[in-house]
Amino acid sequence: MPKFAAARVASGWRSGSGARVGPLRLTDVDEPDLPASGWQRVRPRLSGICGSDLASIDGRSSRYFEPLVSFPFIPGHEVVGERDDGTRVVLEPVLRCVTRGIDPPCPACASGQTNRCRNMAFGHLKPGLQTGYCAPTGGGWGATLVAHDSQLHAVPESFTDQAAVMVEPTACALHGALLGPAGGHETAVVIGAGTLGLCTVAAIRRLRPDIDNLVVVAKHPEQRRLATELGSCTIVQPGELARAVRRRTGSLVLDSGQLTGGASLVFDCVGSSQSLASALAVVEPGGTIVLLGMPGEVKVDLTGLWQREVSITGAYAYGTEQLVSPASGQPRRTFDLSFELVADAGLERLVSALYPLNRYREAIEHAADAGRRGATKVAFDLRTSKKFRSKETQA
Amino acid sequence: MPRPGFVLEVDRSTPPTLCWHGEGFKLLRLPVGSRILYPPEPLAALKDPDEAIRQALLHPVGDSAPLPELLKAGMRLTIAFDDISLPLPPMERPDNRQRVIEAVLDMAADAGVDDVVLICALALHRRMTSEELRHALGDRIYDAFAPHGLLLQHDAEDPSALVHLGMTDHGEDVEINRRAAESDLLVYVNINLVAMDGGHKSVATGLASYRSLRHHHNVRTMQHSRSFMDQARSELHSSNWRMGRLIAAAGVKIFQIETTLNTDTFPPAFGFLQKREWEWGAKDRASYLAVSKSLDHTPPRMARTIFQSIKSPHKMSSVQAGEVEAVHAVTTDHVYRQQLVDVEGQTDIVVMGLPYICPYNVNSIMNPILVACLGLGYFFNLYRGKPLVRPGGVVILSHPTPWSFNPIHHPSYIDFFEEVLADTTDPVEIEKTYEERFATDDWYRHLYRTSYAYHGVHPFYMWYWCAHALDHVAGVIIVGGDTKAVHRLGFKRASTMRDALEMAEDIVGRDPSITQFHCPPMMIADVH
Chain A
1 MPKFAAARVA
11 SGWRSGSGAR
21 VGPLRLTDVD
31 EPDLPASGWQ
41 RVRPRLSGIC
51 GSDLASIDGR
61 SSRYFEPLVS
71 FPFIPGHEVV
81 GERDDGTRVV
91 LEPVLRCVTR
101 GIDPPCPACA
111 SGQTNRCRNM
121 AFGHLKPGLQ
131 TGYCAPTGGG
141 WGATLVAHDS
151 QLHAVPESFT
161 DQAAVMVEPT
171 ACALHGALLG
181 PAGGHETAVV
191 IGAGTLGLCT
201 VAAIRRLRPD
211 IDNLVVVAKH
221 PEQRRLATEL
231 GSCTIVQPGE
241 LARAVRRRTG
251 SLVLDSGQLT
261 GGASLVFDCV
271 GSSQSLASAL
281 AVVEPGGTIV
291 LLGMPGEVKV
301 DLTGLWQREV
311 SITGAYAYGT
321 EQLVSPASGQ
331 PRRTFDLSFE
341 LVADAGLERL
351 VSALYPLNRY
361 REAIEHAADA
371 GRRGATKVAF
381 DLRTSKKFRS
391 KETQA
Chain B
1 MPRPGFVLEV
11 DRSTPPTLCW
21 HGEGFKLLRL
31 PVGSRILYPP
41 EPLAALKDPD
51 EAIRQALLHP
61 VGDSAPLPEL
71 LKAGMRLTIA
81 FDDISLPLPP
91 MERPDNRQRV
101 IEAVLDMAAD
111 AGVDDVVLIC
121 ALALHRRMTS
131 EELRHALGDR
141 IYDAFAPHGL
151 LLQHDAEDPS
161 ALVHLGMTDH
171 GEDVEINRRA
181 AESDLLVYVN
191 INLVAMDGGH
201 KSVATGLASY
211 RSLRHHHNVR
221 TMQHSRSFMD
231 QARSELHSSN
241 WRMGRLIAAA
251 GVKIFQIETT
261 LNTDTFPPAF
271 GFLQKREWEW
281 GAKDRASYLA
291 VSKSLDHTPP
301 RMARTIFQSI
311 KSPHKMSSVQ
321 AGEVEAVHAV
331 TTDHVYRQQL
341 VDVEGQTDIV
351 VMGLPYICPY
361 NVNSIMNPIL
371 VACLGLGYFF
381 NLYRGKPLVR
391 PGGVVILSHP
401 TPWSFNPIHH
411 PSYIDFFEEV
421 LADTTDPVEI
431 EKTYEERFAT
441 DDWYRHLYRT
451 SYAYHGVHPF
461 YMWYWCAHAL
471 DHVAGVIIVG
481 GDTKAVHRLG
491 FKRASTMRDA
501 LEMAEDIVGR
511 DPSITQFHCP
521 PMMIADVH
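Chains as they are written, first to last, in the numbering used here: chain A, 1 to 395; chain B, 1 to 528.
Keep in mind that the hints were calculated from the coordinates and are not lab data. Quick caveat, the model's predicted, so the values are computed rather than measured. Treat each hint with caution, since some may be false.
Think about it this way: if two alpha-carbon atoms lie no more than 25 Å apart in a straight line, the pair counts; the simulated DMTMM-like pairs of lysine to aspartate or glutamate are [what the hints assert, rightly or not]: (1) K432(B) - D103(A); (2) K219(A) - E325(B); (3) K484(B) - D369(A); (4) K219(A) - D482(B); (5) K432(B) - E66(A); (6) K219(A) - D423(B); (7) K432(B) - D369(A); (8) K484(B) - D442(B); (9) K484(B) - E222(A); (10) K219(A) - E41(B); (11) K484(B) - D85(A); (12) K484(B) - E240(A).
Negatives, chain B to chain A, calculated, CB over 10 Å [what the hints assert, rightly or not]: (13) R276; (14) R437; (15) H446.
Note that the Cβ used here is the ideal one computed from N, Cα and C, for glycine as well.
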């Protein structure tokens with residue numbers, strides 16, 4: 001706990017500083033054992049650094065997660081790796097019923113909504129909502145992890161490792177982009193243009209034909225450039241959002257800055273108090289806020305949500321998706337759609353920097369400051385650092 | 001005898017010249033051979049302006065009876081007057097409007113006229129605050145009219161307060177203030193700061209609606225006005241004159257009263273601002289040093305407050321009344337007499353220091369759009385004959401150009417800057433793609449009508465004012481401007497005047513001719 005506290009204090013000064021003073025360390029550990037039949041070893045090739053990883057390292061994660069993780073864990077859930085036979089796979093890290101030997105599965109898993117699994121702390125595995133937060137499975141920031149067969153997706157030959165490592169974060173964005181009621185959205189908003197925000201823009205522009213105008217809040221020049229490339233949208237600075245939405249929707253403005261109308265759908269890809277407050281200020285009465293960014297503890301005035309009958313829906317991970325168009329089609333696995341989206345939108349371009357594991361502090365600081373430094377996705381490259389095959393980062 | 005305007009050729013003995021830079025100024029050393037245009041000295045003020053006004057009302061020009069003969073008991077009398085955009089800076093009390101309106105009201109009272117309404121002819125400008133109205137009209141008039149709802153501000157977005165009088169032979173809608181149009185007599189009280197003001201423009205613009213204004217406040221008209229200071233060559237004026245004649249033909253009886261000001265622009269503490277630098281005495285040099293040094297240590301907001309509090313000592317130099325066109329011809333002669341400066345030939349580069357104020361930021365912020373408008377819309381167009389800068393030349397402006405807006409006065413400007421200029425700076429494209437949406441936006445309408453906001457379309461007009469200059473010159477450089485704001489305007493930014501001149505040489509070639517437009521005080525370059 002002292003190290004978590006130190007990380008929290010340090011990250012208050014500079015995001016990513018938790019890597020220097022927190023519980024994260026680079027050390028040698030034994031390879032994880034295979035928990036049961038149907039599991040196999042995977043050697044990560046690239047493993048991304050996600051916003052949720054940064055929150056954990058900086059001690060900013062909600063205590064909500066405590067019963068849903070098991071210590072010590074090896075972070076890393078955005079993984080492209082290879083099996084013992086050398087074939088490349090992308091990891092779907094959610095540790096749902098089937099991975100935990102629970103049969104029959106819970107109703108959510110049975111319906112394909114594995115992200116809503118009720119058993120993430122139960123079964124033959126220790127608690128852990130995903131690989132990368134579960135002690136016995138290892139994680140992507142280590143030389144080896146173990147994964148259930150159901151977690152592995154073969155990587156097409158045409159995919160580079162950079163493209164493949166984008167499949168998991170893209171799946172998260174894609175799942176969020178498809179939430180919110182379908183049909184007739186004149187204006188939607190995406191708040192945030194980091195990896196999650198940019199992938200959400202790409203997903204909306206390809207899978208949400210029911211959204212006409214998209215306004216994207218992007219703080220940094222590279223983010224603005226990428227958002228423009230990924231989809232037809234209006235790019236605004238954070239302070240410009242309310243005015244941009246007002247113009248698009250013909251709203252009036254209350255003295256508080258609250259729009260009287262607004263956007264019918266808002267995708268919050270940040271998850272901070274500020275971003276949620278912005279979302280509430282620009283969403284129309286009866287509108288929906290989809291919360292993709294991991295929020296933690298936030299302070300938000302919900303009076304407007306109550307008075308304007310706004311809905312907020314969380315968007316965690318992935319499972320299966322019902323496409324908006326064709327609405328009558330069969331549900332499809334999010335990861336299958338994600339592979340298509342990564343290829344179609346060229347999302348490998350979002351991988352900005354690769355670091356060997358022994359430079360993990362630099363990598364994490366880079367990821368924490370990615371926007372300002374013109375980067376998007378920062379990942380560990382474990383392909384050539386053989387000497388680290390037996391070393392792992394451990395939290 | 002005031003000295004006329006003057007063109008100085010810089011030599012080695014020329015002292016540095018003052019160049020405005022927003023809420024401050026700099027001393028410039030232009031290359032030897034450069035020219036500096038100095039405005040004429042202030043003309044003598046009328047010795048007894050109140051008596052001059054009375055005489056003007058009793059002895060009108062053109063086809064008009066004296067005002068007392070037009071005033072009858074039981075009639076509806078409306079007195080419209082120019083808004084906060086004139087004069088610049090706001091003048092010391094008593095304002096010309098106060099003097100003239102008091103004289104008109106005295107005559108109306110003598111005639112037994114008791115249905116009198118005052119209307120501020122603000123067109124699509126912001127409404128004036130009560131303090132501003134009090135300053136312009138004086139306490140006596142304000143207290144007599146405002147509490148009774150008889151001091152109105154024109155509302156170009158109130159359909160019930162507008163009347164459509166018809167279309168000109170050019171297909172232009174003429175829609176003006178209903179009370180003014182339906183009065184038995186409309187007296188218009190004008191202050192003429194530049195030759196562009198007054199004449200038919202007073203009523204046809206000042207009391208008009210957007211539906212009417214769009215016929216002359218557009219890119220085509222602005223590009224075909226060469227310049228606004230020369231009515232015979234100004235499409236803006238041609239359109240207003242057509243409308244004015246239609247208004248008269250529709251039966252609206254107008255008694256026009258126009259006043260001119262001399263160019264005694266700054267109070268004694270800032271007297272050095274209107275003196276030629278080589279004539280600065282010890283007191284001027286001390287004032288300059290004291291003001292500029294203290295400004296160096298003054299936060300921008302406080303500097304703005306200080307400058308906006310300046311009240312100009314300019315004095316009435318003429319007053320004429322009667323039929324609109326006849327009155328305005330006399331007025332224009334007076335303005336030319338005060339402001340024209342003979343200039344031989346155009347220049348490759350014109351240097352303009354922009355002051356802290358323009359017609360649309362009185363008691364407000366000079367935002368980047370207004371900087372562009374003041375430089376390219378107004379100063380550039382202060383010419384007769386030919387623009388001071390040659391086609392393909394370069395305009396160098398000096399102004400800090402902060403990315404800063406007054407959200408009360410200029411809400412649609414913020415949106416224009418964030419959305420429209422981020423997309424394109426082409427006036428034609430802007431007009432085609434964006435104008436209607438902004439002009440009909442309910443939020444801007446609401447703020448224009450109920451708050452103190454310029455109309456939603458107003459930033460477009462500011463940009464259109466620049467259209468002629470943008471067509472004419474090959475480059476615009478702003479010295480000392482905020483980098484992002486200048487870039488958003490589509491211009492280049494330079495850190496120093498020396499850098500700007502070097503950058504300009506890349507466009508106009510080596511050894512260019514350079515002319516500094518040493519304004520304010522106001523002048524018109526009469527370029528031969």
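Check your understanding: For the pair supplied as a hint, K219(A) and E325(B), is the alpha-carbon distance within the 25 Å limit?
Key -> violated (55 Å)
**Study point:** Pair hint K219(A) and D423(B), alpha-carbon separation not exceeding 25 Å
**Key:** holds (18 Å)
Practice item. For the pair we were handed, K484(B) and D442(B), check the Cα-Cα distance against 25 Å. Key: violated (30 Å)
Exercise for review: Please work out if K484(B) and E240(A) have their alpha carbons no farther apart than 25 Å.
Suggested key: holds (15 Å)
Check your understanding: Does the claim that R276(B) lies outside the interface with chain A hold up, using a Cβ gap greater than 10 Å?
Key -> For R276(B), whose nearest Cβ neighbour in chain A is about 45 Å away, the distance exceeds 10 Å, so it holds.
Check your understanding: Does the structure keep K484(B) and D85(A) at a Cα separation of 25 Å or less?
Key -> violated (55 Å)
Point to revise | Interface exclusion of H446(B) relative to chain A, criterion Cβ beyond 10 Å | key: violated (6 Å)
Check your understanding: Is the nearest CB of chain A more than 10 Å from the CB of R437(B)?
Key -> With a cut-off of 10 Å, R437(B) comes too close to chain A, as the shortest Cβ separation is near 8 Å.
**Study point:** Straight-line alpha-carbon gap K484(B) to D369(A), limit 25 Å
**Key:** holds (23 Å)
Exercise for review: Starting from K432(B), check that the Cα of E66(A) is at most 25 Å away, please.
Suggested key: violated (58 Å)
Check your understanding: Within 25 Å, alpha carbon to alpha carbon, are K219(A) and E41(B)?
Key -> Violated - the C-alpha atoms of E41(B) and K219(A) are around 52 Å apart, more than 25 Å.
Practice item. Starting from K432(B), check that the Cα of D369(A) is at most 25 Å away, please. Key: violated (41 Å)
Consistency note: the structure conflicts with the earlier hints numbered 1, 2, 5, 7, 8, 10, 11, 14 and 15.
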